[in-house]
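2 protein chains.
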Amino acid sequence: MRDPDKPQQIIAAAIRVFARGGYYNSRVSDIAREAGIASGTIYLYFKTKDEILVTLFREKMAEWVALVRRELAAERNPLAKIRKIVALHFQVLEENPDLAEVVQVELRQGQKFFRGASAHEVSAYFGVISDVLEEGVGAGLIRRDLPVKVATKMLFGAMDQLATSWVLGKRGYRLTEAADPVATIFLQGVCAHGV
Amino acid sequence: MRDPDKPQQIIAAAIRVFARGGYYNSRVSDIAREAGIASGTIYLYFKTKDEILVTLFREKMAEWVALVRRELAAERNPLAKIRKIVALHFQVLEENPDLAEVVQVELRQGQKFFRGASAHEVSAYFGVISDVLEEGVGAGLIRRDLPVKVATKMLFGAMDQLATSWVLGKRGYRLTEAADPVATIFLQGVCAHGV
DNA sequence: GGTATCTGACTGAACCGCCGTTCATTCTAC
DNA sequence: GTAGAATGAACGGCGGTTCAGTCAGATACC
Chain Z
1 MRDPDKPQQI IAAAIRVFAR GGYYNSRVSD IAREAGIASG TIYLYFKTKD
51 EILVTLFREK MAEWVALVRR ELAAERNPLA KIRKIVALHF QVLEENPDLA
101 EVVQVELRQG QKFFRGASAH EVSAYFGVIS DVLEEGVGAG LIRRDLPVKV
151 ATKMLFGAMD QLATSWVLGK RGYRLTEAAD PVATIFLQGV CAHGV
Chain X
1 MRDPDKPQQI IAAAIRVFAR GGYYNSRVSD IAREAGIASG TIYLYFKTKD
51 EILVTLFREK MAEWVALVRR ELAAERNPLA KIRKIVALHF QVLEENPDLA
101 EVVQVELRQG QKFFRGASAH EVSAYFGVIS DVLEEGVGAG LIRRDLPVKV
151 ATKMLFGAMD QLATSWVLGK RGYRLTEAAD PVATIFLQGV CAHGV
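Quick note, the sequences are listed as chains Z and X, same order.
Okay, so the first sequence: first residue is 1 according to the numbering used here, each after it adds one.
Okay, so the second sequence: first residue is 1 according to the numbering used here, each after it adds one.
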């Protein structure tokens, strides 16, 4: 096992291939061709086809959470942090259309991912949002009686749905334009006083 | 082709089978066994395995939209209508766990469904929500400058995420308990004045 | 520096199990 | 007796995975 970033190349190729045709419709040999290697080589780095998808998801999600954490550190105001989360969420997807396609459409394949594989990474992202909300409650900016877990899921669900619609609508407009409206509606929904 | 509700029986069986093991992991013969018929019989009523899933989705979604429309007709106040939509959404899923599993987890299989097959039915549901929001704007209850399309997707996304979390969390609590908080946060987010 | 030997990453044709689909046959109702 | 619904064994091809063979580069020895 020489090349230390061969797995990365395979994952990058897989993202392009899955984005084009979907996971179950893509052949391992398609990924190999896209990566410019032989199909057998993939099995030097991944045990099965499934493992490619699981790893891809794990790594991208971990990168994503790390990025958000880093960016939020620069921000003090909890409400501004929420706006930043929404802006980043949309920005990253808009800048990586292939990844967006895979994450929003292909990665939802039941049993295999949302169950198990992804649980840890997704809940880390949920944790980031929850923490900010708690912070806002502590600062008196957000309703003291807000059910934080419910609000967290709502915000994630709202962003996710906007993203999915954007991907399915062939990305015929700018997703980032939705960031402000989404943040504003959400914040007005959870804040103690007006926004 | 005698039995006029044999297709329904097949669909009902398919829901149970897909809920248990997922679409791609389920064999046509599993559906046949669950329905108490031979696998070949399924091909008297459906051209392919895919058609079973597409039909299942179309029919359930159409039933769902019809139900919501019917229930809303009894309600005058647009804000109360929103509360009713949320309550119904959660109630139906809670009362049909197998369907919930299929709709929330299995039916997301990229290419095949959200693209094409389901587009019409999903947008009908979006239409119901949009109409209510427009109505609320007309009545001066909802912010005149609300971006209705964005708000529609947000509400759907929020409900959808709550439902997905509930399904993935093995349904270890009552989904309907989340209806009021969700509706309240959303309404506070879109309303012109307090709720 | 040159040659021989070795190492192990890489290849891709072939394998094999799986499963959607078919269709010759059986069954049932009239 | 017949039409047509139902059956389920068998088929076919698809595609994930394997593994015997290749070859580029490293190592050893002269």
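Mixed in with the good hints, there may be bad ones.
A pair counts as met if it fits within one copy or between any two copies, since identical chains are not told apart.
Claimed, not checked - Here are the computed lysine-lysine pairs in the DSSO-like style, where the Cα-Cα straight-line distance is at most 27 Å:
| no. | residue 1 | residue 2 |
| --- | --- | --- |
| 1 | K149 | K170 |
| 2 | K47 | K6 |
| 3 | K49 | K6 |
| 4 | K49 | K149 |
| 5 | K170 | K6 |
Note that these hints are calculated values from the structure, not bench results.
Source: prediction; values computed, not measured.
Hint check:
1. In this assembly of identical chains, K149 and K170 lie within 27 Å of each other by CA distance solely across copies; the values are 17 Å between and 32 Å within a copy.
2. Taking the closest pair of Cα atoms, K47 and K6 come within 27 Å of each other only inside a single copy of the chain (14 Å); across copies the shortest separation is 42 Å, beyond that limit.
3. Proximity of K49 to K6 under the C-alpha cut-off of 27 Å is restricted to the intra-copy arrangement: shortest distance 16 Å within a copy versus 37 Å between copies.
4. With identical chains, the CA atoms of K49 and K149 are never at most 27 Å apart, being 34 Å at best within one copy and 38 Å at best between copies.
5. Taking the shortest alpha-carbon separations for K170 and K6, neither the intra-copy value of 31 Å nor the inter-copy value of 38 Å comes in at or below 27 Å.
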